[in-house]
Amino acid sequence: MNLHPWNLPIWQELTRDRAKLPHALLLQGPKGVGKRDFASALAQWLLCEVPDETGACGRCKSCGWFEQGAHPDFRRLQPASDSRTDDDGGKKTSKLIGIGEIRELGDFMGLVSHQGGWRVVVIQPAESLNKAAGNALLKTLEEPPAGVLLILVADQPRRLLATVRSRCRKLAFALPGRDQARIWLLEQGLSQAVAALDEVGGAPLLAVDCSEPERLARRQRFLTTLVDTNAVSLSKLAQEFQQRLDESWGWLSRWLFDLLAIQAADAPRYFPEHTAVLERLARRARPVALWRLQQELLAAGRWLKHPLNGQLLLESWLISYLEAMEIGHGR
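Position 267 (the sequence shown) corresponds to 266 in numbering that gives the first Met the number 0; numbering is contiguous.
Hints should not be assumed to be uniformly reliable.
To be verified - Okay, derived cross-link-like pairs now, DSS-like style, lysine-lysine, Cα gap no bigger than 27 Å in a straight line:
(1) LYS138 - LYS235
(2) LYS169 - LYS30
(3) LYS19 - LYS169
(4) LYS169 - LYS130
(5) LYS94 - LYS130
(6) LYS169 - LYS235
(7) LYS19 - LYS138
(8) LYS94 - LYS138
These aren't lab readings, by the way, just hints derived from the structure by calculation.
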């Protein structure tokens, strides 16, 4: 079972009485705090033949099926793009869960349990349900089948239909304290991830993702170009990162935040290791131009996954950044 220590109080409260579990749970909170791992641990615990208060046994036949992804009483629903790698032959995959998948889920929930116990469904991220799928799921929530637990996992629960949210018991997940996150990362042998905690706002699992060697190398190239910037290098950067718009958006947004923080006589939040460079750049940059670009990026974050042209969009942001940095260059 992969439960994280900061989520144990939620686990202990929820699993106190199996008989009192609701028909639907909404696991909500920031990305990178272990909601998906919690959902998997809960599902396996419910399906385990000899569970205890700490979780599933990990040894019975049911646990074996679950860990192999083959348990007949379990379904995990997620967008195709969420279950494929970037090296999947270049096939275009959906980023939404459609009504067809919900209808198939209805067929599954109508079956008798193979093990004579619970049937469990995990939907992640639940906000990827399109409108038709959300309405179809609502019908199930209004008339829940006996012995079925639906676990919805959401980073942005407000994107779910309000009526769907209202029919779930909500579990609120939060960021752990920085010391607890740091200790956990060190215990896992992930010392490099500790340095990434500031960049990702304190989310331990995002820090783990950010500490992968290839990503660290990309991050270094991106930030180096923001420091030693010119029109040619920015154009090349936009071309290189056009398929990684999420990543680029995050780095540029946080870089701007730190520049504006320094101009307001505050300390950088996301890139404290680059304080000296940020202070030098902040002295020459126009605050109003930086602020406008930051607002543009914040607005773009709402539709970032569906850009018409990633390279052109990133180029426009980087050109605005260049203009903000070049004016006042001679101070």
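Status of each hint after checking the structure:
1. LYS138 - LYS235: Distance ~50 Å between LYS138 and LYS235 Cα, so the pair is violated.
2. LYS169 - LYS30: Distance of about 16 Å is within 27 Å: holds.
3. LYS19 - LYS169: Cα-Cα ~15 Å, so holds.
4. LYS169 - LYS130: Roughly 21 Å separates the two Cα atoms, so the pair holds.
5. LYS94 - LYS130: 13 Å, holds
6. LYS169 - LYS235: 45 Å, violated
7. LYS19 - LYS138: Given that 27 Å is the threshold and the Cα spacing comes to 22 Å, the pair holds.
8. LYS94 - LYS138: 23 Å, holds
Consistency with the previously given hints fails for numbers 1, 6, ordered from lowest to highest.
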